[in-house]
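Visitor: Construct the complete structure from the given sequences, taking the supplied hints into account.
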Amino acid sequence: MKLILEDGTAISGSFFGYPRSVAGEVVFNTAMTGYPESLSDPSYKGQILVLTYPLIGNYGVPESIIEKDLPKFFESSKVQITGLIVADYSTEYNHWNATKSLGDWLYENKVPAMFGVDTRALTKLIREKGALKGKLIYDNQDIDFYDPDKDNLVDQVCSKERIVYGNGKSKVLLVDCGVKNNIIRNVLKRDTTVIRIPWNYNFLNEEYDGILVSNGPGNPVYCIKTIENLAKAMQKEKPVFGICLGNQLMALASGAKTYKLKYGHRSHNQPVLLSGTNKAYITSQNHGYAIDQSSLGKDWEPLFVNLNDGTNEGIKHKTKPFFSVQFHPEASSGPTDTEFLFDDFMGLVMKTKK
Amino acid sequence: MHKEIKKVLILGSGALKIGEAGEFDYSGSQALKALKEEGVETVLINPNIATVQTSEGIADKIYFYPITPFFVEKVIQKEKPEGILLSFGGQTALNCGIELFKTGILKKYNVNVLGTPVQAIMDTEDRELFVNKLNEIDVKTPKSIAVNSVTDAIIAAKKVGFPVIVRAAYTLGGMGSGFCSNNEELEKLANNAFSYTNQILVEESIKGWKEVEYEVVRDKYDNCITVCNMENFDPLGVHTGESIVVAPSQTLTNAEYHKLRSLSIKIIRHIGIVGECNVQYALDPESEDYRVIEVNARLSRSSALASKATGYPLAFVAAKLGLGYGLHQLKNSITKTTTACYEPALDYVVCKIPRWDLNKFIGVSKQIGSSMKSVGEIMAIGRTFEEAIQKGLRMIGQGMHGFVANKDIHIDNINKELSEPTDKRIFVVAKAIREGYTVEKIHQLTKIDNWFLYKLKNIYDIENQLAMFNELNKLPIELLLKAKQAGFSDFQIARLILKSDDNTIENDLLKVRKFRIENHITPVVKQIDTLAAEYPAKTNYLYMTYNGTEHDITFENDKKSVIVLGSGAYRIGSSVEFDWCSVNAINSIKKNNLRSIMINYNPETVSTDYDVCDRLYFDELTFERVMDIVDLENPKGTIVSVGGQIPNNLAMRLDKNGVAILGTSAKSIDNAEDRHQFSSMLDNLKIDQPRWKELTSIDDIYRFVDDVGFPVLIRPSYVLSGAAMNVVSNRDELEHFLTLAANVSKKYPVVVSEFIEEAKEIEIDAVANNGEVVLYAISEHVEFAGVHSGDATIVFPAQKLYIETIRRIKKITKQIAKELNITGPFNIQFLAKDNDIKVIECNLRASRSFPFVSKVLKTNFIEIATDAMLGFHVEKPQKSIFDLDYVGVKASQFSFSRLLKADPVLGVEMASTGEVGCIGENYYEAILTAMLSVGYKIPKKNILISSGPPRSKVELLESARMLHKKGYNLYATGGSQKFLELHGIPSTMLHWPDENLKPNVLDFLKAKEIDLVINIPKDLSKNELHNDYTIRRSAIDFNIPLITNARLASAFIYSFCKVDLNKLEVRSWDEY
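Going line by line, the protein sequences match chains A and B. Each residue of the first sequence is one higher than the one before, starting from 271 at the first, in the numbering used here. Each residue of the second sequence is one higher than the one before, starting from 15 at the first, in the numbering used here.
There's no promise every hint is true.
[What the hints assert, rightly or not] Cut-off 35 Å, straight-line C-alpha distance, at most; resulting in silico cross-link-like pairs (DSBU-like, lysine-lysine):
| no. | chain 1 | residue 1 | chain 2 | residue 2 |
| --- | --- | --- | --- | --- |
| 1 | A | K403 | B | K350 |
| 2 | B | K604 | A | K394 |
| 3 | A | K530 | B | K552 |
Keep in mind the hints are simulated off the structure, nothing from the lab.
Guide: Encoded structure:
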């Protein structure tokens, strides 16, 4: 098996998963655990994922149990990545909740993978050149490069219809741009009814106590409909909370700008500082675009900043109950330190309800 | 940062011992570095003179005194520090700190504890407080009942249900702890535990669960990170210090990993730690259920390992947090641009493997379990588990070449050894796989996670694939690459393919090397950058792997770098002293404007701190790996004489393969190492040596012994348990010994040497340049020859030698230096009786005592030696530097209490695990502080004397008289009591342990009525009478100071009778 990059680099390795050629954007993630969660994260749509942690597959893949209408161990109902590249794939696995190997899971989802690769060298290359277009070639079956930035990926991964979960005190409208299940789980845990709607759904007539704008793949500017709806929603007073892509969409709705980072943040160890305080948190992240902090309107202010590169990690409205974060408070995979943001959101919801 | 803190006192950890080793030199050095950076004046108390932290320029003031409240108070009184750091000196410093707090000393002198408050420390140290504390936040701990008596322990066990684990509060690394499956075992263990502590815990056993640790950091703003998690290869039941450990965890899912991570943060917040702590968990292998086993509110062995495993300098950061910084206000010291408030992402796997030296002890139990016995550890880095573990198994240096392709080991009962692990654990697993055990069956017996076993099985499968070939040319290149990626060495491959034997292997592995280089199979150099390449990093922290296609670094090829080979795993006979030598060699290289390259793999060292050198290869010290690095770095030269025996042994082979060895030539090193060559050289120089012969038959041995007479020193080349080097005094012992040695033949000759009784042992540590001695230090042993020089108490400058003896020693040293054309450090050991001087050993490398003599003399032997080796001009110091108005004494630390059943007696095999060096105005002052530093206490009132053979009875007579005059109560066993009485010294007779008569020695020991035991073995052999063994072992088990050498006993007695501690004024190193 071979990886061909748009700059002409060719890297060969051994094949596992599903035997076919695929093309996408090659990105890396430095997390050391959580491949079942990452691989099923819709934000990875269109991407060939390089895992920098070399030993992958050790604990297999858990069974697909549905709990409260959601797959218990995954972030969506299938593998979302286009392809996978690892250093040392463990064909043998062992864990009490594993029912299949990573290779078998990828096969079921028709996703090809390659191992035996110097993933560190590849990561350095991606780091220097920015995310690259690439293709995984199986058995010399060449295909064209594919640029996921040219597509509205959100539309491909989000739900196609309105779905209602739970039956709690508060109604949370979840704008699904490719939502991770753990966001839904986190909201449901807090005595809510979650109304999940597609990204382009006109929710302005829905009855709700708060809006949550989800994570999702790709360039935020494609979600014009969402941005328009959000801009209208933010003329009202009901709380709005954005996560990852949702953060960027809220910024765009407020009139600010977004841009593509040279090195996207894809890891479990991103430190962020709560602006104006000494409170720092370790967060899970997976994004290539960020808010241009200098473009924030006068009603908005930074909420979090990345301690490593100073990029914006979240914004809040100065007077209204709107805030959003670039990282993933729902974690899964990754550290759970900022889960309290769901409490903060629900606090605002309860407050405005009164 | 606390503005008011201008001067800080740091407590070190004292001598290296089992459970508390070199890691605290590393932690302390890092803390001192951090304080220095902030302009804080530092005062360090640590009697461990061989450490890097007690070197010039690291702390502002250094006190070589015991880490006890008594001495620490004296230093506080004198130095008046505003702050104190307790968490960088292991359990020793922590316990001392708690004492200082409880007795109000800290308050009295207005000393602030920086970092974690003492109350938080006590909350984690006292099990009951600890459990209650965790209960408050609904964090689970094993069901456990604290008891204060054996009877209550039995009642508690009934409630908890067998099997139970017994733990003693306030002890080092699990001392006095263990598993019990019935009342009888419990009673025995509890009795023992109560001799260390007045509280024990009887706990539910969760043996077989996964053991996982987290290193957690918290700042005063309540920001928390977990720097690293680690998973034990051996499940719960094997102490983490005894287990192979991997980082990061390998078999935990994201949910498990983060469940335990967030619990760690919850715990650290609730306890209120500021700085670093370690949380140990048991994790159910069948669910997400867990228990918290332990929290260490201090830097630990694990935190040192985590620092090395991740590149995150935990101790450095913890010290800064102690001064009041927030994590986000500090920088990542690897990238220098990103923040210290992050969690390292690894893109490699590390594997820690313990090193045991149980063969050095007589009678010791080989089982590993809930208390620690290992004396050192290594860390191996790879990009596959197979690569890391095979590297690691070579690094531990116990004659193994990896997981497979080793000499066959004999295992009586594989099933038993799998379920009741010994120090051979991993090799028993290898044997079981070879015998056809399935992964499932091995798992059933060991509870080791199947994933690890699959990986090991994979290594075995590759071995089989390799073994199918007989020629390199037929070997598929893919298979060769696969083998290298799975960590196979050229040695293993040669053995498997070329079927090499001991005679051909050296040449054959060169063939493998040549073949693979021709086929472009060479390792690549990767950086440890803490962020898995996410951000650019200029890090010099490196390792090598075959699982990669490009180097992370470029090579200058300018011949301006020098490689220093480090000392490898700490073991009995080689520890922190060689780390000091390595670090000082590096410093000298840098001072001379050359780049220093360090190769070493011991996570407990300062030399493997990437801050210390220009490039650090955290990798193997094998011929193969050193050649790989030399090929890439193309250095000016390589230094093999500062890292002890491992680099020394490589000298010849490296030299033969074109590596430039700096300093003394490899040929000369070989001439000194080879007994025959060295002996004939001495003969030519007309230098006397004890008569010796290498003998290949039993008859020859008897003939030789008839000639030289008893006692003789015997060294077999093939060592069976208990038959190592030994002194035999009569024909019976010789016969017994030879039956043990079993194998005497041409292949396994025995070296027999004449043994001179009552001879003084003298050492010279020296530096020469082109065969001319530049610098030397002559020291003498307190004990007569027969006690290994590593165990002996050493006095420098020698106080009791004839001028004539000194003159002759200097002359012989000059002759040898000239003859071997020495450039660099060397050491010669002599025997002196009257004015007869014999050479017994010569090492053309730095010796164990180099830091000691360098610091006492205040002249850095290694710095001068390195200058000489690098070819720079070295000046002979002025004669007056040898004229000291103070004395240094180096005393040995033993860890017998950790080594169940081992006979705590000294002999020709080294048994000590560490040492201290103290300085005094006179001999007695130095002896006393040194002895107190290694754990002796001045007895309160009762002393037991069992004085052994007539000679030592006489030796001890004056000491006994002095004790009597000082008002001590003397107790003595039969013969000794009579002897004392005959000489007018009253004593109470105690019966021997096996006499069923009262008053009995054992009762007195058990009741702790005795404050000091002096038990001198009857003769020089190790086949001691049962009674004497029982007395010695009981003294150890009941934690009563024991001395087994008459000369040392009398030196100690004289010193505490003559020196009044209360009047003793403490002086820092620079005040001498």
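Visitor: For every hint, state whether the structure bears it out.
Guide: Hint check results:
A distance of roughly 31 Å separates the Cα atoms of K403/A and K350/B; the hinted pair therefore holds under the 35 Å criterion. Distance check on the hinted pair: K604/B and K394/A sit about 31 Å apart at the alpha-carbon level, within 35 Å; holds. Restraint check for K530/A and K552/B: the C-alpha separation of about 25 Å stays at or below 35 Å, so the hint holds.
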